[in-house]
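Each protein sequence line maps, in turn, to chains U and E. Going by this note's numbering, the first sequence opens with residue 450, and the numbers climb by one from there. Going by this note's numbering, the second sequence opens with residue -15, and the numbers climb by one from there.
Calculated from the structure, these hints are not laboratory results. It should be emphasised that the depicted structure is a prediction, and the values quoted were computed from it without experimental measurement. Just to be clear, a hint being listed does not mean it is correct.
[Unchecked claim] Think about it this way: if two alpha-carbon atoms lie no more than 27 Å apart in a straight line, the pair counts; the simulated BS3-like pairs of lysine-lysine are:
# : chain 1 : residue 1 : chain 2 : residue 2
1 : U       : 529       : E       : 256
2 : E       : 191       : U       : 529
3 : E       : 269       : U       : 549
4 : E       : 269       : U       : 529
[What the hints assert, rightly or not] Listed next, the stretches of chain E that the computed footprint assigns to chain U, with coverage defined by at least 3 CB atoms under 8 Å from CB atoms of chain U:
# : stretch
5 : 186 to 200
6 : 270 to 280
7 : 334 to 343
For each residue, glycine too, the CB sits at the ideal point set by N, CA and C.
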Amino acid sequence: MRRGLMGWNAEELPVAALEARLARLRAAMAKTGMDAFIIYTNNTRPSAVTHVTGFTPYWSDALMLVPKSGAPVFATALSKRVSEWIRTTDPLSEIVNTPKPGALMGERLAKDPSVKRVGVMEYDTLPAGLFDDMAAAAPSVEWTDGTALFAGLRREVDDAERGLLTRADVMAVAALGQALTGGAQDAGTLAGLVEQHARLAGAEETYIAVAPDLAADRRLNRTSQPTPLADRFVVRASIAYKGCWVRRTRTFVKDGSAAKADAWFADVVRSIEAGKSLAEQIAAKVGELSGASLTGWTAESCTGSCPLSAVASARFPGKEPPANGQFLVLTVELTIDGAPWIGAAPLIVGRPDF
Amino acid sequence: MIADERRNRLTEAMKDAGLDVLLVYGNAWQGDYLRYASDFGILEGQALAIVRSDGHVTLYVDSALEADRAALDCPGIETVLAPDLVGEVDLALNRMSNQSVGAAPQRLLPRRIAARTAEFKITDQTGFVDRLLMNKLDSEITAIRNSAKLADAGYKVFMQAARVGRADYELVAEAEAFFRANGVDDNFQIIGVGGVEVKGMAPPSGKTLKRGDMVTTELTPCVDGYYAQICRTLVVGEPTLEQRGAHALWRESMEAGIATVRDGVTAADIAKAENDVFRKYGLGKYTTSEFTRVRGHGMGLFADTKPHILEDVTTRIDAGMALIVHPNTYHPAVGYMVLGDGVAVTKDGCEVLTGTARELFSVAG
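Looking at chain E on its own, in the form it has when it is part of the complex (with noise of 0.2 Å):
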C-alpha cells in the first residue's frame, strides 16, 4: 500500500530530523501535506492531523461527512470528528508539553493554533515534508503514470467534445464524466477559448466555440491522490499558418525543456532552456510574469507542486521527482497557447509520461 509506505518513511524521517510530533493542516485546496501524513483526500471544510514518531496518526475533521469518508478511505488511522477543529486540537497539543513538535505547511496552520507556536517550541517544518513531496517513492512515481494516462485519455474525450456551438463549461462536463467514471477521484482544469484577446487560462465562462477559436485546456486528473497534467491546444477549424508556426515555437520550447531535465539540474536550467527558444525568436518578453505564471512545476499529490520551474529558482531536480514542462504563455499573433508533457526524473535525463500527440489539433469547424 502507497499510504503505508509513504507513512513509514515520514515516521522514520520524523526519527531523523528528532521530530516525535508533526501536526499538518489540510483543505481541499492544499491537501496535499495531510494526505501524505494520513492519505485522507479531504473535500469539504478542513482537517489536522497529528502524527507520531510511532506512526500513530490521528486525523481531526469539523464536518461529519468527511468523517465518514475518512473512515471509509483511511481505516488504519484515528479520525475525529471535531466540529470546534482549533478547539480540540488545541486541547490535543495540551497533551503534548516536552515533545518535539513541528508543523506544516506553517503558513496556513489556523492562526489559534499558531499563536502556540511559541508555548509548545512547535518549529516550522513545512520544508521537512516539501522534500518528501517532491521526492517520490516508485510507488508514487507509479501512481503518477497511471494518472497520466488518463489525462492522456481524458484529453481524447475533451477533444471529441469540441465543436461549433458548444460552451466551455460542456467540454469540462465531459472530461469529468469520462474521469468519474473510469477511477479519476478529482481533476483541476482550467481553460481558454478564443483568439489574440486570450491572455490566459480561467475555469469556464459560457463562452461559444466558434470556427477558428484556439482551445486551450490543461486537464490534470487524480488517481489514489496523485496528480498529472496535460497541456494542449486544439484550434476550432483548420489552424492558421500563424497559430502553425506558434505552436513548432511551444514544441520546439517544451522540448528543449525537458531534453535538460535530469538529476542535478536545477529548475532554473530547465526553465532557461524553454525560455531561450522564445528569446531565440524576439519573443522572450513573453517569458515574464506579465504574460506567463510558471514554465512548468512539480506533480504529486498537489496539482501544482514544488519545484516551480522558473528562471530564479534554483531547487535541485533530482531522480525520483515528477514533473510537467509546460511553456505556456502569450503569443502577439494568435493568443495564449498552451503545450506540456510530464516527465518522471531519472539519472540521466527523465521517463515522458504523456502520451499525446505534441500537435497542435483541429477539430471540426
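Chain U with its partners taken away, still in its complex shape (with noise of 0.2 Å):
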C-alpha cells in the first residue's frame, strides 16, 4: 500500500512528456487497429496508468479508457473527496466517480458508434467484475488484448522517466548505506533503518527484504523480527519515487571481501549492450572475474501494469535482445572464492552514466 509521499511535480513529469506517451500509444492503436484502449490499475498493478498519466492509486482499483482522441477517462470507485486528491496527481484525465467503473466504462464507449474494437491491457488478468460490468455494457464491442502493445510502448525509457528513476536509484543506494554504519545488528532493526532513510527522502513506497544469514540461505524476506545478522548478508531495497521502481540488492561482508564482487557488477551494469544476448553478455563478465561462478541471473523491467517483472532470466532467457534505452534491473547470483554473493542494480541500455 503506499503511505509515502505521492504527488505530482510538473517539473519532474511535465504534462508534454505525457502527451507525448498518450500521442505515442494512439499511434500504436491506430496501426493496429484498435479504437479505444482499456487500462486497469490498483495499488499493486499501478504502472501503466501511471505511465500515462502520472497517477498511482493508493487504494482500491480503477479502470482507464483512452479514447483515438480527447482526455483520458478515468473512472474510480473512490469517492468524490478523493477525487481531488487524484486530481493533483492526474493532470490529464477526466475523473469519474462510480460505484461501477465497468459498467461506466462499456456505456462510454458503447455510446460512440466510431468503436469498434477496443483493446485491453492484460485482457487475461482484468479482474472479471470489471470485465463483466463493461462488457455487458458494451455487447458490439470486439475485445483484442493490448498487453504486447503498451508492452513494445515500453521498451525505450523518455527523459522524464529517466530522471525519476535516477531519482529512486539515488535513495536506493543511500537507503542500502543504512547496512555500513553499524547501527543494527539485526534484520527487523536494519530493514526498519532502511525504509526511514528512504522514506524520509521521499520514496512513495519501499519494500525491504534481508538474508540475514547469506552462507545459510540465500532467500531474501521482508523481516520486522530481530533476526541476528550474521558474517555475511544481503538487503534488498524495492523503491519508487513518484510511481517509478528500481530494486538495488547488496551483499554485505563483514570483513569487506564482497568489494571485488561489487566493483565487478558495477562494470556490468555499465557494460550491457542492446542487440547482444544477456545470458551470453553475463557469461562473458563472469568468466573474466577470477574465482567466480554464476548461479543465476534475471532481469526485470516494467512493461505493462506490474512495477517490476521478469523479462528473462537464467531459467527463462527471453526471445529479444535488450534495446537501447530500455530500463533494466539486473540480479546476478554468483559464488566468489567459495561464498555466496548477490547484487542487483537499475540500468538503461546504452547509457552506462545512469
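Build the complex: two chains, separate frames, hints provided.
Next comes the structure, spelled out in C-alpha cells:
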C-alpha cells in the first residue's frame, strides 16, 4: 500500500511528456486497428496508468479509457472527496466517480458508434467483475489483448522517466548504506533503518527484504523480526519514487570481501549492450572475474501494470535481446571464492551514465 | 499455529458446504482471501491458490521473489512459480472436472479463469469466505489485540515526530521505521494536515506542518497478517475552542457507537448511534457520503474488511468479530477530524482494544 510521498510535479513529469506518451499509444492503437484502449490499475498494478497519466492509486482499483482523441477517462470507485487528491497527481484525465467503473466504461464505449475494436491491457488478468460489467454495457465491442502493444511502447524510457528512476536509485543506494553505519545488529532493525532513510528522502513506497545469513540461505524476505545478522548478509531495497521503481540488492560481508564482486558488478551494469543476448553478455563478464561462477541471473523491467517483473532470467532467457534505452534491473547471483554473493542494480541499456 | 487453525476451519467449512476445491485470488491490495487459505502475505505481483478439502494447498505466484518468500513463510503448502499465472492455473483446473469448485473473491478473478466458470461450474464463494474472515477464532482476536498494542505504540512515535517544519511524509517514515523494527510487516496509513480546507485523508503530499494545523491519521499496523487500526487527531500548538468542541462531539459519537456494539446488533445500529450524535448537534449532513466514507469497518486480514459500518448495512454483528468504530468526517469550522478505537465483539458488549487516550492531542507548536 502506498504510504510515502505521493504527488505530481510538473518539472519532474511535464504535461508535454505525458502527452507524448499518449500520442505514442494512440499511434500504436491506430496502427493495429484499435478504436480505444482500456487499462486497469490498483495499488499493486499501477504502472501502466502511471505511465500515461502520472497517477498512482494508494488504494482500491480503477479503469482508464484512452479514446482515439480527447482526454483519457479515469473511472474509480473511490469517493468524490478522493477525486480532489487524484486531480493533484493526474493533470490530464477526466475523473469520474462511480460505484461501477466497468459499467461506466462500457457505456462510454457503446455510446461512440466509431468504436468497434477495443484493446485491453493484460486482457487475461483483468478482474472478472470489471470486465463483466464493461462487456455487458458494450455488447457489440470486439475486445482484443493490448498487452504486447503496450509493452512495445515501454521498450525505451523517456527523459522524464529517466529522471524519476535516477532519483529513486539515489534513494536506494543511500538507504542501503544504512547497513554500513553499524546501527543495526539484527534484520528487523536494519530493515527499519533502510526504510526510514528512503521514506525520509521522499520514497513513495519501499519494500525491504533481507537474507540475514547468506551462507545458510540465499532467499530474501521482508522482515520485522530481531533475527541476528551473520557475517555475510544481503539486503534488497525496492524503492518507488513518483511511480517509478528500482531495485538494488547488496551483499554485506563483515571482512569487506564483497568489494571485488561489487566493483565487478558495477562494471557489468554499465556495460550491457543492446542487440546482444543478455545470457551471453553476463556469462562473458563472469568469465572475467577470477574465482567466480554464475549461480543465476534475472532481468526485470516495467512493461505493463506491474512495477517490475522478470523479462528474462537464467531459467527463462527471453526471446529478445535488450533494446537501446530499455530500463532493466539486473540481479546476479555468484559463488565467488567459495562464498555466495548477490547483487542487483538498475540500468538503462546504452546509457552507462545512469 | 494460527494458520493451521484457520486452514482446518476452512477445510471443515468446505466439507460442510460440499466444496471439493476452493480457488482464491490475492494481491497486496486485496490479500485477505489468499492469506486466509495459504497464510501467504503477498507483496508483489498476483497469486492464486487452490485449496482442496483434504487440506492440500497449492499456491501459484507469478514472481520468483515472491516464490522465495512463500517458501520461507509457508513451508506447509506447495508453492509453484508460475510466470504465466493464468495459464498454469488454467491447466490445473483442467484436472478438476467433475469436482465441486468455488472461487473467492469472484469479482477479482482473472477474466480468463472466470470465463471458464460455466464450463467447470465454478460457484461464487465470496460470501462463504467473508463469513470466515468476519467471525474470528480466539487466536485471531489475540493477534488483533497484539496489533492494536503496536498501533498504540506507533501513534506515540507519530506524535513525537510531529513538529513545526516537518513534512507529512517524514512523520510516516518515523512510524514505519518503528513498525519495521518491532514486528510489524505492513501498515496502512493515510494522513491529513491543515485546517478547514482539509476534507479527508490521503497519502502524504509533502505538506509541511505549521502552528495551528490539525494532523489526522489512521495507523493500521499488521502483525502476522492481522491489521488493527487507530484513528487520532493532534493539533500543532494549543487546540482552539472550536477544535476542542468538535473533538468532544466526535468522542461522544464514537463512544455512542462503541456502547452499541454487542452480539446480535447490526452494523446499521452502530452507525445510527454514531450519526445520531451528529444529528443532535445539527451536523447530520456531515454523516453522508459527501463528507465521509464509512463510520467504521471490520479489522482482520484486510485493513478495511467487512462489515462496513453504515446505516444501510444490515450485517449482523457477532461475538468474535473485530471492528473499528470511527466517526471520521468533516467539521465545517475546523476541517476533517478523526477518532477511532478498535473493539472485539463479545456476547454482552465489546472489549476495547485501543489503549491510547481519547484526546485531542497537542504537540509543541
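Those earlier numbered hints the structure runs against, lowest number first: Hint check: 7 fails alone, others pass.
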